[in-house]
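Protein chains: 2
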Amino acid sequence: MDAYNELIGIYDEISTIGDISSLLGWDQNTYMPRKAAAGRGGQSAFLSKLVHRKVTDPRVGYLLDRLEGEDLSGTRAAVVREIRRIYKRKTSVPEELEAEIARSEPLSVQAWAEAKQKKDFSIFAPNLEHMLELKKKVAEKVGYPDIPYDAMLEEYEPYTRTAQVREVLERLKKRLVPVIERISEAEGQRIDISGKFPREAQESFCRRILVDIGYDFERGRLDTTEHPFTIGTGDDTRITTHFYENDLRPALFSCIHEGGHALYEQGFLKENMHTPLGEACSLGIHESQSRMWENLIGRSLPFWKRYYPDLQSAFPGLSALPLEDFYQTVNRVRPSLIRIEADEVTYSMHILIRFELEIEIFNGRLDVREIPQAWNEGYEKYLGVVVENDGVGCLQDIHWSFGSFGYFPTYTLGNLYAAQFFDAMKKDIDVEASIERGEFGPILTWLRSNIHEKGKLYPASELVRVVTGKELDESHFIDHLRNKFGAIYGIDL
Amino acid sequence: MDAYNELIGIYDEISTIGDISSLLGWDQNTYMPRKAAAGRGGQSAFLSKLVHRKVTDPRVGYLLDRLEGEDLSGTRAAVVREIRRIYKRKTSVPEELEAEIARSEPLSVQAWAEAKQKKDFSIFAPNLEHMLELKKKVAEKVGYPDIPYDAMLEEYEPYTRTAQVREVLERLKKRLVPVIERISEAEGQRIDISGKFPREAQESFCRRILVDIGYDFERGRLDTTEHPFTIGTGDDTRITTHFYENDLRPALFSCIHEGGHALYEQGFLKENMHTPLGEACSLGIHESQSRMWENLIGRSLPFWKRYYPDLQSAFPGLSALPLEDFYQTVNRVRPSLIRIEADEVTYSMHILIRFELEIEIFNGRLDVREIPQAWNEGYEKYLGVVVENDGVGCLQDIHWSFGSFGYFPTYTLGNLYAAQFFDAMKKDIDVEASIERGEFGPILTWLRSNIHEKGKLYPASELVRVVTGKELDESHFIDHLRNKFGAIYGIDL
Chain P
253 MDAYNELIGI YDEISTIGDI SSLLGWDQNT YMPRKAAAGR GGQSAFLSKL VHRKVTDPRV
313 GYLLDRLEGE DLSGTRAAVV REIRRIYKRK TSVPEELEAE IARSEPLSVQ AWAEAKQKKD
373 FSIFAPNLEH MLELKKKVAE KVGYPDIPYD AMLEEYEPYT RTAQVREVLE RLKKRLVPVI
433 ERISEAEGQR IDISGKFPRE AQESFCRRIL VDIGYDFERG RLDTTEHPFT IGTGDDTRIT
493 THFYENDLRP ALFSCIHEGG HALYEQGFLK ENMHTPLGEA CSLGIHESQS RMWENLIGRS
553 LPFWKRYYPD LQSAFPGLSA LPLEDFYQTV NRVRPSLIRI EADEVTYSMH ILIRFELEIE
613 IFNGRLDVRE IPQAWNEGYE KYLGVVVEND GVGCLQDIHW SFGSFGYFPT YTLGNLYAAQ
673 FFDAMKKDID VEASIERGEF GPILTWLRSN IHEKGKLYPA SELVRVVTGK ELDESHFIDH
733 LRNKFGAIYG IDL
Chain Y
253 MDAYNELIGI YDEISTIGDI SSLLGWDQNT YMPRKAAAGR GGQSAFLSKL VHRKVTDPRV
313 GYLLDRLEGE DLSGTRAAVV REIRRIYKRK TSVPEELEAE IARSEPLSVQ AWAEAKQKKD
373 FSIFAPNLEH MLELKKKVAE KVGYPDIPYD AMLEEYEPYT RTAQVREVLE RLKKRLVPVI
433 ERISEAEGQR IDISGKFPRE AQESFCRRIL VDIGYDFERG RLDTTEHPFT IGTGDDTRIT
493 THFYENDLRP ALFSCIHEGG HALYEQGFLK ENMHTPLGEA CSLGIHESQS RMWENLIGRS
553 LPFWKRYYPD LQSAFPGLSA LPLEDFYQTV NRVRPSLIRI EADEVTYSMH ILIRFELEIE
613 IFNGRLDVRE IPQAWNEGYE KYLGVVVEND GVGCLQDIHW SFGSFGYFPT YTLGNLYAAQ
673 FFDAMKKDID VEASIERGEF GPILTWLRSN IHEKGKLYPA SELVRVVTGK ELDESHFIDH
733 LRNKFGAIYG IDL
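As you go down the protein sequences, you meet chains P and Y in turn.
Just so we're aligned: 253 in our numbering is position 1 of the first sequence, and the numbers increase by one with no gaps anywhere.
Just so we're aligned: 390 in our numbering is position 138 of the second sequence, and the numbers increase by one with no gaps anywhere.
Calculated from the structure, these hints are not laboratory results.
Don't take every hint at face value.
In this list, chains with the same sequence are indistinguishable; a pair is considered to hold if it fits within one copy or across any two.
Stated by the list, open to error - Calculated cross-link-like contacts (lysine to aspartate or glutamate; reagent style EDC-like; alpha-carbon spacing at most 16 Å): (1) K287 to E470; (2) K306 to E350; (3) K557 to E350; (4) K287 to D619; (5) K342 to E258; (6) K287 to D468; (7) K301 to E265; (8) K557 to D577; (9) K425 to D309; (10) K426 to D725.
Same shape as in the complex, but just chain P (with noise of 0.2 Å):
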């Protein structure tokens, strides 16, 4: 057997075990019995220690010096590439660092669901302090080409360089403060949805509108949960959702917003499938996916030219409510606190406030401690809210209670992405139409050759590059929201 074939077969065998830990979170999200955590928790440990001795195997590490050098093809190029970086990833950080980080992840969230609900960040900061030392470890025996962040941020889009995003996000920043002040001064529609929409009838219509994007219900599956997520990948990608009788917008749009991420996942290539060619490009490019589907098409006129007469027969509550009224409903711009409620316009400066204040904790230069106050501080000058206590500001995220920094960035990453790929899309076929015919195929048929099917062979960056003809702007996205919602307030942005 060569080096590559024995390669490929060693990353089978660690892309299965993953699997099999995703289906282990999925039951623990949705049918554990409340008991079995202790048990589930041994469980997945067991599964992480096998993948990091198989992932770190010196075994790979020959087989990878062997094919150093080698001339090989494009794909089989992106694959040791990308197996390489995990492995070089994984062998850098020091066995006991990595014991210490999962020793503290389990307290340090359980701080933070404290500190959380009892809206005081003092609990939780010796928890995040701690993390934080660590994960600075982390980042210096990883290495980083400028700064400690970089080594973060390139857990969740590889070969990303802190630089590069700081400078679209600053961009992005300069460009879209005026535009939510714009709409903020604007004179706000007062409409709004109210009424009993029953469960059964949200999810037939949910799954209705799953199967016409090109969900595929035999690879996968609709489940509820408390916070909605995808998981799994190929022919088992699962996603959940969940029902507010009261409101029927939270499912709606988070059923597009996983069947994106799960139509990614269902896109790739079945001979590339545990291999990284089967797997993300990136979380920034995955949350394209996801972002495209539930703004860019979900929430778009189009969309609901389409369905709204579907949706008010399936809910007959809403036959006063006319189209243009039901549109503006579900694009309402409203500057808030809480980043999962917020809408497309405001959410991006959410992230720009996590994102300023992550580096600059890993610089060095702001103190956990004082993280409350620059949060604060963040959210008046940028969104003008006032942040009433830290449960509703600096602790509303879990992501820093198990270490992830660098995760933040992505969310936006996903928007700037989505819109560039949006507008490429539109040179090649009439995406409107599409929409408002409610045909999807030919949408999809372009996401899957552009996008799906390509997986990991490029960097994120070179994605772009190869899907648009040109770098990373923040324009596209800016546009789209100056269009849309320009139209949406009656104003020009």
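With the hints as your guide, set chain Y onto chain P.
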């Protein structure tokens, strides 16, 4: 670390992998999307291989050698005995033979399914011949005290020889045949249940019964599948059932049956989890728990004295049917073709027929091609029923298709163990009063301390001796049948 602790550390991992495999199996039968089957196959195969590697690790052999002759306490000695047994069995079968069985299995199951559907044994015969050949090789590698079939039985009923089982089942047969004949001759009552039994009402009644008998829903759950089963252990023991709206009996009694299995699994001591002491003694003992709850408790008159009024409230269609009649409808004896539909009295004859055939096949005295004829003769002779075709005859069960020879007798051993345990329990507590009050605490407590908490401390035959003070004796079961069905049919059995 001493040898014992290292050994149970390894066993802990083996057991953890087993728990993960169980969850995969549960998901496969409940919620897995259709097209995820191939991927799931790969995941399960990976885990099987991993378990095999860990069980047969030379380090295990080395540790077992080091512990050889050491003066271990009772529980430690049992743990080491069990690990040694598995180690010996698994290391004695060559990997190529295991692999060949694993490869043949899906094809064999597929051929069986096709043959059953087409009612044509000849489609399945070549696969069965091959599987039998492979299993005979396993028997030769594993070794056996008397006959090759011993090596098959040992997998499910450790430390039990064919000769022992045969002796007790022969006696059982001699005493059971006239009982069945007498009942068949008796004028059976003609009352039956009919009507519509809404699924929701059935489910809520079943859940209530499960809670009453002591099943802990915080450490388990109830779902629906084509065939009911119990999976998992300890804090994650899940059961399934199947609801038929035209008859409430299948769900009701399968829930109590699976509940009995689950109470066993939930009853292992926490401190023994992931050791052989936190595992079922044998399949026969496992089955004794399900059958005791289903038949000796759930199909008893005291049970329905307690629950029938509630059942009538839940299903008003039953209001005109008196308790005694209902009791008869859940205890109808009728010799029939299908094992899984058989009643408490005739069930064991289905097993005896299979058991005798298996031994003949393994002894080489019966050719695979001769199975249908031998099967049909057995059914005519012992149950007086004519097998119309192989689909409802020798092709009805899946077991042989994946090489599970030696499994069937454990069902009947379960009946015998159950009756003998039940009589022992009656000496300690007022069982009938407990049942009639629907207060099962004393019964469960007795089962916990006498059987569940013992795990694999003793081999099954010794457990029977320890709990009941004597060897396995079919008289308890026969006496139970005579008393119960004599009263129901108004005859002297």
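Hints versus structure:
When the C-alpha separation of K287 and E470 is checked against a cutoff of 16 Å, the pair qualifies only between copies, where the shortest distance is 6 Å, while the shortest distance within a copy is 31 Å. Taking the shortest Cα distances, K306 and E350 sit within 16 Å of each other inside one copy (15 Å), while across copies they are farther apart (24 Å). In the homo-oligomer, the alpha carbons of K557 and E350 never lie at most 16 Å apart, since the shortest distance is 52 Å inside one protomer and 60 Å across protomers. For the identical chains of this complex, K287 and D619 are neighbours neither inside a copy (38 Å) nor across copies (51 Å), given an alpha-carbon limit of 16 Å.
In this assembly of identical chains, K342 and E258 lie within 16 Å of each other by CA distance neither inside one copy nor across copies; the values are 19 Å within and 27 Å between. For the homomeric pair K287 and D468, the shortest alpha-carbon distance between copies (10 Å) is at most 16 Å, but the shortest distance inside one copy (33 Å) is not. Taking CA atoms no more than 16 Å apart as the test, K301 paired with E265 passes in both settings, with 13 Å inside one copy and 11 Å between copies. When the C-alpha separation of K557 and D577 is checked against a cutoff of 16 Å, the pair qualifies only within one copy, where the shortest distance is 12 Å, while the shortest distance between copies is 62 Å.
Taking the shortest Cα distances, K425 and D309 never come within 16 Å of each other, neither inside one copy (44 Å) nor across copies (59 Å). When the C-alpha separation of K426 and D725 is checked against a cutoff of 16 Å, the pair qualifies only within one copy, where the shortest distance is 14 Å, while the shortest distance between copies is 87 Å.
Hints 3, 4, 5 and 9 from the list above are not met by this structure, while the remaining hints are.
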